[in-house]
Amino acid sequence: MGIRLHVWGERACFTRPELKVERVSYDVITPSAARGILEAIHWKPAIRWHVDRIHVLRPIRFQSFRRNEVGAKISARNAASAMERGTTQGLGLAVDENRQQRATLALIDVAYVIEAHFTLTDRAGPEDSAAKHISMFNRRAEQGQCFHRPCLGTREFAADFALVPEGGALPVCELASDKRDQDFGWMLHDIDFDHGNTSRFYRAMMRDGVIDVNACLAEGSAR
Amino acid sequence: MSTPVTNRYEFVLFFDVTNGNPNGDPDAGNMPRLDPETNQGLVSDVALKRKVRNYVALASGNRIYMTEGSTLNLHHDEAWKAVMPEVTKADEKKKLPKEEAKARALTQWMCANFWDIRTFGAVMSTGVNAGQVRGPVQFSFARSVEPILPLEVSITRMAATTEADAEAKGGRTMGRKHIVPYGLYRAHGYVSAPLASHPSKGTGFSEDDLELLWQALDQMFDHDRSAARGEMATRKLILFRHDSALGNARAQSLFDRVSVERIYQGQPYVIGSEGTGNLPPARHWSDYRVSIDRADLPQGVEIIER
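Keeping their order, the protein sequence lines are chains A and B.
Residue numbers in the first sequence follow our numbering, run continuously in steps of one, and reach 226 at the last position.
Residue numbers in the second sequence follow our numbering, run continuously in steps of one, and reach 1248 at the last position.
Calculated from the structure, these hints are not laboratory results.
In this text, a Cβ means the ideal position worked out from N, Cα and C, and glycines have one as well.
Mixed in with the good hints, there may be bad ones.
[Said to hold, decoys possible] Here are the simulated SDA-like cross-link-like pairs (lysine to any residue), alpha carbons at most 20 Å apart as the crow flies:
1) K1044(B) with E87(A)
2) K23(A) with R69(A)
3) K76(A) with V1065(B)
4) K47(A) with S1142(B)
5) K1044(B) with A83(A)
6) K47(A) with P1136(B)
7) K1143(B) with T157(A)
8) K76(A) with A1047(B)
9) K135(A) with L1188(B)
10) K76(A) with T1009(B)
11) K1044(B) with S78(A)
12) K1143(B) with P48(A)
13) K1044(B) with R80(A)
14) K76(A) with E1042(B)
15) K23(A) with V988(B)
16) K1143(B) with E42(A)
17) K76(A) with R1076(B)
18) K47(A) with A1187(B)
[Said to hold, decoys possible] Quick list of the computed label-pair ranges, beta carbon to beta carbon:
19) A75(A) with A1043(B): 45 to 51 Å
20) R126(A) with A1175(B): 50 to 56 Å
21) L173(A) with R1118(B): 48 to 54 Å
22) L1239(B) with E72(A): 24 to 30 Å
23) R1118(B) with D197(A): 54 to 60 Å
24) A1102(B) with A75(A): 35 to 41 Å
25) P20(A) with E1247(B): 41 to 47 Å
26) E1153(B) with L173(A): 40 to 46 Å
With the rest of the complex left out, here is chain A (with noise of 0.2 Å):
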């Protein structure tokens, strides 16, 4: 059972994992980042999202700033010696000691319709059935409710959306008629959590506005 989800914001950045110290965002949105939307609307265990296809609704702009940033991680080491301590001293991290500046080029006023489906894991109990999962995924997108609020490709973009739902027509897509046809190269598809967190990589083809995910994955994906 399908579900499509309308998805704008004012930025995006979906980073491209060969340019993420100074964050370059792909072309278009990954099925990837789709599914973390529509996860951070509904999901449990006993599902896994997976999303068809992608239909571009806006022209492809990018826009660039530079943000001061932390080039430091939380050491998980430091932490735990800091709790056998029973003291936080020193476990503090200075900024400005730390400090990266890094610029990125972030898409601007994006909007998409994300076409998906589910499918059941083996960790769905008896109580668990695609129709209740469905029902409870279409009654949070249409009231606006959501578990966390889900963002396009990092948080601080955060994502408006809405359901379309089954029938309705879909956004006018804004488009100009020579950019419907693209070619985005090798994008990520997905993390491949099963096999030891490995990126999947497909040759993203736009036809006529829509990336047709699974027609992309069966010409061949990588790892």
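Chain A is fixed; fit chain B onto it per the hints.
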């Protein structure tokens, strides 16, 4: 600590700047950030979060992980010793060696001890993969209501840094400051309750923490005075409180209820409408009017003005 937050919130924050630089752009020689397409001013999410953290460190006994400058005072540690003297080696023995349990204990301890990790989340992954914590509170970029005009102001200093400079320039050097004469900024934010209260994913972000967040948003600029910032102030904070954790209405429909008009000689004008370009530039909060549409409010949503 009080109970974790179980209501979803959205909030709209209005703040303004007078003759200051609310957020410099490192890419543009520290000029105020601008949206190059609309000339509206921007303030990044991280700039706002920094101020919230600074305020919380200043105003409460909570510890902040991402500190600015020197780490917090030592006497806070006294409090911690008093609050949790049990976390010692005895516990360490009891702890399962299993990595996942260990990781979770670590993350929860960090959440319990640091306000900013509880609120905004953190990435904790060196050695043991404690994964990352997503906090319930999320900010987006703030944007000025109307286009802004950044000014570059040249200033002189009656002293030089080096002797060579002193000789060459007669003991004087020039510098520059960037200011925005006036700008009213609007920021949107979200509080996702399940990330606070979920039994395994929740950070334990509590009602007290939430109250402190609202207080921080209200007063953070009052404790962030500097030569660069000019006069900044929170002007209005509007909260949308949902009855449930998942929410009772679409976020965007709630944000749309808050609108801003330009006021000139008592007359309201729709921003960006024909003719507003001929108005003298806004220079004060009173040149704007914020209104909230309270009609037909979705059930289970409450508007709180602070």
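Next on the checklist: Does V988(B) sit within 20 Å of K23(A), going by the straight-line distance between their CA atoms?
Outcome noted: 18 Å, holds
Checklist entry - Taking 45 to 51 Å as the hint, is the beta-carbon distance of A75(A) and A1043(B) inside that range? => result At roughly 26 Å between Cβ atoms, A1043(B) and A75(A) fall outside 45 to 51 Å, so the hint is violated.
Item to check | Distance restraint hint 54 to 60 Å, applied to the beta-carbon atoms of R1118(B) and D197(A) | outcome: Given a distance of about 56 Å, which is inside 54 to 60 Å, the answer is holds.
Checklist entry - Has the given pair, K1044(B) with S78(A), been kept, meaning a C-alpha gap of at most 20 Å? => result 14 Å, holds
Next on the checklist: Please verify whether K1143(B) and E42(A) have alpha carbons no more than 20 Å apart.
Outcome noted: Roughly 14 Å between the alpha carbons, so the hint for K1143(B) and E42(A) holds.
Item to check | Range agreement (Cβ of E1247(B) with Cβ of P20(A), hint 41 to 47 Å) | outcome: Holds - the Cβ-Cβ distance for P20(A) and E1247(B), about 44 Å, lies within 41 to 47 Å.
Checklist entry - Do the beta carbons of E1153(B) and L173(A) sit within 40 to 46 Å of each other? => result Given range 40 to 46 Å: holds, Cβ gap about 43 Å.
Checklist entry - Under the criterion that the straight-line Cα-Cα distance not exceed 20 Å, is the pair K135(A), L1188(B) satisfied? => result 17 Å, holds
Checklist entry - Straight-line Cα separation of K47(A) and S1142(B) no greater than 20 Å? => result 13 Å, holds
Item to check | C-beta pair A1102(B), A75(A): status relative to the range 35 to 41 Å that was hinted | outcome: 36 Å, holds
Item to check | Supplied distance hint 48 to 54 Å, evaluated on CB atoms of L173(A) and R1118(B) | outcome: 51 Å, holds
Checklist entry - For the pair supplied as a hint, K76(A) and T1009(B), is the alpha-carbon distance within the 20 Å limit? => result 13 Å, holds
Comparing the model with each earlier hint shows violations of hints 19 and 22; every other hint is respected.
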